[in-house]
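Given next are the chains, with one letter for each unit.
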Amino acid sequence: MKVLIDHISKVYIDRRGESTEALRDIHFAIEENEFVVVVGPSGCGKSTLLNIIAGLLSSSSGQVIFEGTQTDSRPHTAVVFQDFALFPWRTVLKNIVYGLEERGVKWQEQVEIAKRYITLVGLQGFENKYPHQLSGGMKQRVSIARALANDPLLLLMDEPFSALDAQTRTLMQYELSRIWEETHKSLLYITHNIQEAVFLGDRVVVLSRRPGRILDIIKIELPRPRGEHLTLEKRYLEYVDAIWGHIKKEAKEAMEETG
Amino acid sequence: MIGEVDQPRVEKAIVQDKTHFLQMKEHPWLSIASFIAILLLWEWVSQMAWVPPLFLPAPSSILSEGWTMLKTGIIFKHIFSSLTRILWGFVIACSLGVMVGILIGFFSIPEAVGNPIIAATFPIPKIAILPLLILWLGIGEASKVAVIALGVFFPMVINVYTGVKNVDPLLIKAALSLGSNRARIIRKVILPSILPMIFAGMKLGIGIALLLVVAAEMVAADAGIGFMILTAADLMQTKKLMVGLIILSLLGIFFNWLFQKLERFFVPWKQ
Chain H
12 MKVLIDHISK VYIDRRGEST EALRDIHFAI EENEFVVVVG PSGCGKSTLL
62 NIIAGLLSSS SGQVIFEGTQ TDSRPHTAVV FQDFALFPWR TVLKNIVYGL
112 EERGVKWQEQ VEIAKRYITL VGLQGFENKY PHQLSGGMKQ RVSIARALAN
162 DPLLLLMDEP FSALDAQTRT LMQYELSRIW EETHKSLLYI THNIQEAVFL
212 GDRVVVLSRR PGRILDIIKI ELPRPRGEHL TLEKRYLEYV DAIWGHIKKE
262 AKEAMEETG
Chain W
262 MIGEVDQPRV EKAIVQDKTH FLQMKEHPWL SIASFIAILL LWEWVSQMAW
312 VPPLFLPAPS SILSEGWTML KTGIIFKHIF SSLTRILWGF VIACSLGVMV
362 GILIGFFSIP EAVGNPIIAA TFPIPKIAIL PLLILWLGIG EASKVAVIAL
412 GVFFPMVINV YTGVKNVDPL LIKAALSLGS NRARIIRKVI LPSILPMIFA
462 GMKLGIGIAL LLVVAAEMVA ADAGIGFMIL TAADLMQTKK LMVGLIILSL
512 LGIFFNWLFQ KLERFFVPWK Q
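Residue numbers (our numbering), protein chains in the order written: chain H, 12 to 270; chain W, 262 to 532.
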């Protein structure tokens, strides 16, 4: 299995007919079991790209191709959104089984699968709580479990920890790293946080400011499992610095443009 | 202390909580006491015969009149008639209102067709349509049920429409990404999202239903609370009239309580 992001461009046209170019000729592939992070300054079209890959938005040109999936009946993607997007009327368990329900999986099996992912993300004991009873970090665990339970070919994460406070965010990065090392899901992760990108990714796709273009694709050759110790290592810091070097000018210009 | 005199004076300003008056105290005993006090005052004024009982019968005499009507069972006939009309009108209006509201909220063609019709008919006081409904449906139950249904339909359809328009688009995206189709989106995302709005519509609607059932029964009926009040007034039976008003008040309170309970049960995720 391989996902090809084939020369994607996106131009938004508003009601007055004015056009805004969000993405220009984005071209890369996500290999099986690969953790790819897309990093870029604010307003670079990262989320636009993710929505196109998820089938929640149409591109202006180019296409997203899943290769070698003819015999696979699993859903192409599942998304973990920044603002959790949990169904407030469903308990943790019922949120997690949503995708399975839609695929017609039997209830008994739904619960079995859900229990597995509840354990994986550390939500035991919260099965019958409603989302409003959970903290932000817990909510995002539910969202991750919900996406994983649906067993997609490609897992998509759209700045999943941006709505969390800095400390929870750091802890969740460790958690995600652990979860990924256990599941080895093909994963596309969107963030504006360079440290996060280097800490998590096998490869980091660096985007420019609007219109988003690929500035560089950097292979992160850091050993796994990756834990807290990594953030103090020289090679990690060199990667962070290299990417920051790419983005600094772009981010500054973006800031002055919007500000 | 003696030494105090010699110490230099220090200007002190202690910070006060400026918001303290915003924290309104609760006075449960005052609510009950004032209610009883007003009843007692009323009773006293009537007992002293300062106001003729024809205009203002004493609460005690209204109560005993009510008790008599309860014992003879005559009161149940009227309550039953009114409640049946309300129930039918209410059920029809709520189901239609929810369906139409979702339809015009979710699909563009029904929205384009439905919106101007609703905007044009909504402002008409529904009781003004009653003569037309009687002309169409006859003087029997159908026209009364229809006028109640019309009255309840509008707040419901408008609430549901607004609710559908305000469904969090992110939840729809999430459902789509998890494999829902359009029909499933309506059933599993839109419907639960708008449940609180449906209950708000029901609460608004029941008030309107009470108003319209009384009005319709005053125009043409041989039973019902509206009919009872009107005939009591014609016969100068002020006590009986007052009993009718109390029943209406109790019905209103009851329905409010009922919908609150139902909402808690069906919308457990909202605190």
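Check each hint, because a few of them may be wrong.
Selected chain W positions facing chain H (Cβ under 7 Å, derived; list incomplete) [to be verified]:
1. G440
2. S441
3. A444
4. P453
Under the rule of at most 20 Å between Cα atoms (straight-line distance), these lysine to aspartate or glutamate pairs were calculated in the DMTMM-like manner [as the list claims (entries may be wrong)]:
5. H:K196 x H:D162
6. H:K140 x W:D483
7. W:K449 x H:E78
8. H:K196 x H:E45
9. W:K434 x H:E112
10. W:K449 x H:E113
11. H:K13 x H:E192
12. W:K434 x H:D162
13. W:K434 x H:E113
14. H:K117 x H:D94
15. W:K531 x H:E112
16. H:K13 x H:E78
17. H:K105 x W:E272
18. H:K13 x H:D83
19. W:K434 x H:E192
20. W:K531 x H:E138
21. H:K13 x H:E45
22. W:K434 x H:D94
23. H:K196 x H:D83
24. W:K338 x W:D483
25. H:K105 x H:E192
26. H:K196 x H:D227
Distance windows between CB atoms, simulated [stated by the list, open to error]:
27. H:E123 x W:F282: 55 to 61 Å
28. W:F296 x H:A174: 47 to 53 Å
29. W:I378 x H:E268: 43 to 49 Å
30. W:F368 x H:G238: 31 to 37 Å
31. W:F341 x H:S146: 31 to 37 Å
32. W:F368 x H:H195: 41 to 47 Å
33. W:V306 x H:S146: 55 to 61 Å
34. H:T242 x W:P529: 41 to 47 Å
35. H:D17 x W:F368: 30 to 36 Å
36. H:D17 x W:L283: 58 to 64 Å
37. W:F341 x H:S173: 17 to 23 Å
38. W:S295 x H:E138: 45 to 51 Å
Don't read these hints as lab results, they were simulated from the structure.
Every residue, glycine too, gets a C-beta built ideally from N, C-alpha and C.
- prompt: Is the hinted pair K196 of chain H and E45 of chain H satisfied, with a Cα-Cα distance of at most 20 Å?
  reply: The hint holds at about 7 Å.
query: Going by Cβ atoms only, is A444 of chain W closer than 7 Å to chain H?
result: 11 Å, violated
task: Indicate whether the distance between the beta carbons of V306 of chain W and S146 of chain H respects the range 55 to 61 Å.
output: 60 Å, holds
field: F341 of chain W paired with S146 of chain H, Cβ distance criterion 31 to 37 Å
entry: 52 Å, violated
query: Hey, K449 of chain W versus E113 of chain H, does the alpha-carbon distance stay inside 20 Å?
result: 10 Å, holds
query: K105 of chain H and E192 of chain H: Cα distance at most 20 Å?
result: Violated, because 26 Å separates the two Cα atoms, which is more than 20 Å.
task: Would you mind confirming whether the straight-line C-alpha gap from K196 of chain H to D83 of chain H stays at or under 20 Å?
output: 15 Å, holds
query: So does F368 of chain W sit 41 to 47 Å from H195 of chain H, Cβ to Cβ?
result: 43 Å, holds
message: For a C-alpha distance cap of 20 Å, please report whether K13 of chain H and D83 of chain H respect it.
response: Distance ~12 Å between K13 of chain H and D83 of chain H Cα, so the pair holds.
- request: Decide if the proposed pair is consistent with the structure: K13 of chain H and E78 of chain H, CA atoms, cutoff 20 Å inclusive.
  value: Judged against 20 Å, a Cα distance of about 5 Å means the pair holds.
task: Check the following: the C-beta atoms of F341 of chain W and S173 of chain H are separated by a distance inside 17 to 23 Å.
output: Given range 17 to 23 Å: violated, Cβ gap about 60 Å.
query: Holds or violated: are the alpha carbons of K449 of chain W and E78 of chain H at most 20 Å from each other?
result: Violated. K449 of chain W to E78 of chain H sits at ~32 Å, over the 20 Å cutoff.
Violated hints, in rising order: 3, 6, 7, 14, 15, 17, 19, 25, 26, 30, 31, 37; the structure is consistent with all others.
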